[in-house]
Amino acid sequence: MKKYLIIAFLVSSTILAANAQLMPTFQLGLKGALNFSTLRTDDGNWLDGSTRTGYQAGIWARIGGAGVHFQPELYFTGKSSKAEFDNPEGGNVTANVTFTSLDLPLLLGTRIGLGPLGVRVQAGPVVSFVVDEGIGQALQDVTDFNSYKSQAWAVTGGLGVDISKFRADLRYEHGLSNLSENSNRSQKINLWSLGVGYRLF
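The sequence shown maps to residues -20 to -1, 1 to 181 in mature numbering (1 follows the signal peptide of the UniProt record, and there is no 0).
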């Protein structure tokens, strides 16, 4: 008799968890992350950008039902790269390039799991609004690196894990927009990010 009760409990728990996945839900939380960004050109023949570590900090929301969710996020991002430029007068010029931006990812995803444990797959566009930039003087002396756009687009995607109220994410972001006002000096940022989050409710 005890065995049948245990089986019945497990089956009912599984059904309830599955139904919970189908019901509309709303979540709100905080997020922080490290990113590893690189500034590169499309052809790679005039700018070599080495990867540098930056940060992300902000909030996220998740609205879902029927196994699919929409997750908008809003956070400040610090992106950095060490740029090496071929000087037309000879030799190479090296300096750091940094951006601080307000980023808005708009993600669609699905979650696989039961109850407080789950694995997520997410992807979507990201729009970035540059609020500050820092260009090494050595680069400004030889090119128009100080002529950057204030808005850029990218696409991002990755995997996430939910453990109770905690979140962890690994994503790749691919820059779509040329950051430079000079169309002949195309510059795009690609980055990996490793983040952690906490669900407030």
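Because the hints were derived from the structure by calculation, they are not lab data. For every residue, glycine included, the Cβ atom is placed at its ideal position computed from N, Cα and C. Heads up, a few of these hints could be off.
To be verified - Under the rule of at most 30 Å between Cα atoms (straight-line distance), these lysine-lysine pairs were calculated in the DSSO-like manner: (1) Lys145 / Lys11; (2) Lys168 / Lys129; (3) Lys168 / Lys62; (4) Lys62 / Lys129; (5) Lys168 / Lys11; (6) Lys62 / Lys145; (7) Lys62 / Lys11.
Stated by the list, open to error - Simulated restraints, written as ranges between beta carbons of each label pair: (8) Thr5 / Asn72: 12 to 22 Å; (9) Pro4 / Lys62: 44 to 54 Å; (10) Thr74 / Leu94: 45 to 55 Å; (11) Thr31 / Trp133: 45 to 55 Å; (12) Leu139 / Thr5: 15 to 25 Å; (13) Gly45 / Asn72: 51 to 61 Å; (14) Thr74 / Val48: 24 to 34 Å; (15) Val107 / Lys62: 40 to 50 Å; (16) Gly45 / Trp172: 24 to 34 Å; (17) Leu150 / Gly45: 17 to 27 Å; (18) Glu113 / Phe6: 30 to 40 Å.
Hints versus structure:
no.: 1; hint: Lys145 / Lys11; verdict: holds, 12 Å
no.: 2; hint: Lys168 / Lys129; verdict: holds, 11 Å
no.: 3; hint: Lys168 / Lys62; verdict: holds, 13 Å
no.: 4; hint: Lys62 / Lys129; verdict: holds, 19 Å
no.: 5; hint: Lys168 / Lys11; verdict: holds, 25 Å
no.: 6; hint: Lys62 / Lys145; verdict: violated, 37 Å
no.: 7; hint: Lys62 / Lys11; verdict: holds, 26 Å
no.: 8; hint: Thr5 / Asn72: 12 to 22 Å; verdict: violated, 53 Å
no.: 9; hint: Pro4 / Lys62: 44 to 54 Å; verdict: holds, 46 Å
no.: 10; hint: Thr74 / Leu94: 45 to 55 Å; verdict: holds, 52 Å
no.: 11; hint: Thr31 / Trp133: 45 to 55 Å; verdict: violated, 21 Å
no.: 12; hint: Leu139 / Thr5: 15 to 25 Å; verdict: holds, 20 Å
no.: 13; hint: Gly45 / Asn72: 51 to 61 Å; verdict: holds, 54 Å
no.: 14; hint: Thr74 / Val48: 24 to 34 Å; verdict: violated, 46 Å
no.: 15; hint: Val107 / Lys62: 40 to 50 Å; verdict: violated, 26 Å
no.: 16; hint: Gly45 / Trp172: 24 to 34 Å; verdict: holds, 30 Å
no.: 17; hint: Leu150 / Gly45: 17 to 27 Å; verdict: holds, 25 Å
no.: 18; hint: Glu113 / Phe6: 30 to 40 Å; verdict: holds, 36 Å
Comparing the model with each numbered hint stated earlier shows that hints 6, 8, 11, 14, 15 do not hold.
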